[in-house]
Amino acid sequence: MMDFGNFLFMEQEIGLIILFVLLFFYDIFCSEKGKKYFQLVAVSLFAVFTLFGFTPMNKGEAFGGMYISSDMTVFMKNILNIATLIMFLQVKTWLYSENTRHKKGEFYLITLVTLLGMYVMISSGNFMMLYIGMEAASLPLACLIAFNKYQEKSAEAGVKYILISALSSGIMLFGLSFLYGALGSFYFSDMSRNMISSPLVLLGFVFFFSGLAFKLSLVPFHLWTADVYEGAPTGITAYLSVVSKGAAALALIFALYKVFGSIDVAWHHILWWLAIITITLGNIFAIRQKDIKRFFAFSSISQAGYLLLGMIAGTAQGMTAMVFYILVYVFSNMAVFGVIAAVENHTKGDTRIAAFNGLYKSNPALSFVMMLAVFSLGGIPPFAGFFSKFFIFMAAAEQGEYLLVFIALLNTVISLYYYLLIIKAMFIKEENPNNLSRFSIDNYNKVSLVICTAGIFVIGFISLIYEYIDTLSFGI
Amino acid sequence: MEYTLLIILIPFLLFLLLGLLGGKMKPGIAGVIGTSGMFLCTVLAYITAYKYFFQAGKINGVWSEIIPLNFTWMRFTENLHIDLGILLDPISVMMLVVITTVSLMVHVYSLGYMKGETGFQRYYSFLSLFSFSMLGLVVATNIFQMYIFWELVGVSSYSLIGFCYTKPSAVAASKKAFIVTRFADLGFLIGILILSYYTGTFDFGTLTADNASLVTTSMAGGTFMGLSLATWAMVLIFMGGAGKSAMFPLHIWLPDAMEGPTPVSALIHAATMVVAGVYLVARLFPVYYFTAPEVLEMIAWIGTFTALFAAIIAITQTDIKRVLAFSTISQIAYMMVALGVSKYDGHDGLGYMASMFHLFTHAFFKALLFLGAGSVIHAVHSNEMAQMGNLRKYMPVTHITFLIACLAIAGIYPFSGFFSKDEILAAALENNPTIFWTLWLVAGLTAFYMFRLYFRIFWNGNKEYKEGHKPHESPLSMAVPLIILAVFSIFSGFVPFSELINADGIGFHMHINITVASLSVGVAIIGIAVATLLYLKDSEKPAQMAKSMSGLYKATLNKFYMDEIWMWFTKTVVFKGICIPVAWFDRHIVDGTMNGIAWSTQKISVSIKDLQSGQIRFYSWVFVLGSIVIAILVLFL
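These protein sequence lines are chains A and B, in that order. Residue 1 is where the first sequence starts when you use the numbering used here, and the numbers rise one by one after that. Residue 1 is where the second sequence starts when you use the numbering used here, and the numbers rise one by one after that.
In isolation and in its complexed conformation, chain A is listed as follows (with noise of 0.2 Å):
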């Protein structure tokens, strides 16, 4: 007999399906005038939902363990929430151009399916249950990624996104075959109770982290990343680097320190490797690009590259900071994507850098924010990204990781540098191909950049966050 009490645990993810439920029959039994409004309904709906994520809510284990519901759950999907809602409010130019507008309701229903698997992913204690929710996260995903399917780029993105991700979760499948063969559970606590070093074991685990791996794209298991990025629509870009990015990151967090915890010599010098790889390959790639949205591919590539620092650090304050990181690079790498769209919206479809020459002649608000945005991703002080970069260093360095953190050091010159080919091409560069005139944004994406420059500036300073997190954190 089944408990149904099981389900009050879930409050969020039952919130999010009846959202789901309420745009569905909005979108099937609206006239499309009626549908005018769907943007702006949505909107609404998912903002209040998102601060419905900052009730208290109930905490505790669903269904003997499969399912867990902490403090740490719920802050981190309220992080995705936050994220999506931006990304929300940063389609609207797009979705409502003529090739989408017909099917704008689709899109809201998709991505609210995706956040549902994420969320899976995260409250997982069981790894069927986060296999299904990384599945239910990708497969949909593909679709929004050739949302522009009479474009060219988009459709293949899409088939070249759904081929990998195939792949990846068959390695993942095989791993966690070997997990359960040599472990005989798939939960969490039984799993961490019984962790021996054995070479299946190992086996195992290395092909499980490929599939997480894979969504994280580190080194080298990111080779899809820039294509991708590149062919989907610019929301969905922003969603699959920042949304998704955390989600797999939150996950793999969870299972490394839950589940791993005991065998991290094993795993631990092959993530001190990724991570020195992913970030210098991510920058050395950035450097060369000359489209933007594969520029901040490899930027987000290398920042990933820099969240695996506080996994090996492998403390609480290193998950803490992990968590915050994340925090941080929502709002900075959704600030920069919202003028993305600002730009390419504009320019019927320009994303290559030059297309950014001279912005601040013509635009100095937005060139304002994607400067500010820039600088944190890049780690200048006062702004947010400064203190994420910094207290993921500290916590590496705590640990006597003080090579790993030269290293880091070092990359961040190398990223500050081609982060600054934008403020170069915003503010110094004249020439403009499209002679970018001054244009004005939708209100929507108003909104959604002034949160995130918010922020930026806002976040580092306040201290309660950083400590917030905290208290809800552990180490191995």
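By construction, these hints were calculated from the structure, which means they are not laboratory data. Any given hint could be a false lead.
Partial list, computed: chain A residues near chain B (C-beta under 8 Å) [unchecked claim]: (1) F4; (2) G5; (3) D227.
Restraint-style ranges between C-beta atoms, simulated for each label pair [unchecked claim]: (4) R193(A) with L625(B): 32 to 42 Å; (5) K603(B) with I132(A): 40 to 50 Å; (6) I17(A) with M1(B): 33 to 43 Å; (7) E467(A) with I628(B): 35 to 45 Å; (8) I632(B) with L409(A): 29 to 39 Å.
From the three backbone atoms N, C-alpha and C, an ideal C-beta is built for every residue, glycine too.
Please arrange chain B on chain A, whose structure you already have, making use of the hints.
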């Protein structure tokens, strides 16, 4: 008393509001917003002072620290963290009152003085920023917070001195002020780092608790170049204070800073920022006294020298604001000396009390002098004494208030300066006769040059002004602050200061030392008498005297060539000795390394670009291969 946060927050919000939206407001409205915000702050500061001194402050007969707010901003280790908070104790509450009062007066005064200037709104936003920084500095709970606000004070002072950024001399002066104080702050920062490295804390309360025993024990035995570590730390921290408080030889920026608008000089370069150094030493006084008494002695001697040095220069200056600038240097040096000669317990802590007392009274009469000078400048459109004279007939309010301030600074009973100066001299006498007699001499010189200034502005013959250029009394917005400050200058000496503020927190009864008082009043009267003889009427006598001592006269007129000495030091020692080798190192070694990194990054980038082929089968291949390689590494390494 959480509302004290508002005292700091209001100016900051005003700064944001006026800075961001000021351009869209009418100038008058911006001024009124700034002024009324400051008024609110002043009221809050007075309420705080009332609550502290009459209700909450004294616990078991000892003035104690109240920390209404404190939160951790950055945590490095369990003990070492940077907090931001509010510390209320006698000296910080006293400073709150002084700063808000003078700042409010300057805000009101500027409504008239700066009327019609371009950038009026910007001026008010900077005033708010300055008030915010200064208030944040005095309520800092820890030395790092103080440092942050310390630098903010420097920045806002920089932007106010260079307010007229189209005037080259103002730009040069603002740069000079910023660079000189910044150079001193380098010492301050190193001092902070040494201190906190050994003690593991930034917190003032922890540092000064139990007669600074933490500093004594944690730094015990450490020496560097023959001096103990504690000495080094405290000397370096004092260096920061000496920079802001314009102690010799770091005083050179203050006279030039007079290029800023006159109300700014009144606020920053008379009453608030320049006493930050004194405040810093007072804040850390137990640490100085118990761990590095030799530094205190050094401070006393530097102060004595500076007081004399600046007073001598002040005699020959002809720019009225510069006279006041040197007088400020001299008076702040007085406060430093008082700290330097002070002991700790009970009545022995007379110097400490006297220093704070003088800080308190000086803030009012010096602000009054500057605002009065501003009023004069406003009327005759010049800073030069030669353009003035006989102004008492045209500007009665300015005249009377200026006279009150002059009497106060000269130390004539019953004006406020008399009381505080008397206590400083008494403290010096108990400690060291040489210092006492030097300060006594300085008191005479002060009376002389202040009355020279007074007579040359307001008397000095029957100078006639051309029709249409007749000086006129300043508008009400300028006259009212003068009158209010004059009231403060007369009566602030009657505050029973020793009961409220003293080194060990236990009050003692202050009494006037008749010998010292008669000596100091005597010398002041002599100074005034000489000034009257020479300057009451327009005569040839001063010029003849200058001629007969032309060497000395020239040297003092040129401020003993200190600017030139610093210039020489900068050009030969700093530029040639340090900068050129460093530049070479930077260009060849540092840049070379960086270019090397850039070059190799580009090369690698070119050579691996084919990895990103765009072909999905290749991607899959790398993916699978990657997992396998990692698996092998995990298994066999």
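Against the structure, the hints come out as follows:
The interface hint given for F4(A) is broken, as the beta carbon of that residue sits about 41 Å from the closest beta carbon of chain B, more than 8 Å. Contact between G5(A) and chain B, as hinted, is not supported at the beta carbon level, the nearest pair being about 40 Å apart and thus beyond 8 Å. A distance limit of 8 Å between C-beta atoms decides the matter here; for D227(A) the minimum to chain B is near 6 Å, and the interface restraint holds. At roughly 34 Å, the beta carbons of R193(A) and L625(B) sit within the given window of 32 to 42 Å.
One distance hint, 40 to 50 Å for the beta-carbon pair K603(B) and I132(A), holds here, with the actual separation near 45 Å. In this structure the hint that I17(A) and M1(B) lie 33 to 43 Å apart at CB is violated, the actual value being about 50 Å. The hint said 35 to 45 Å for the Cβ distance between E467(A) and I628(B), and at roughly 43 Å that hint holds. Checked against the hint of 29 to 39 Å, the pair I632(B) and L409(A) passes, with Cβ atoms roughly 30 Å apart.
Against the hints set out earlier in the document, violations occur for numbers 1, 2, 6.
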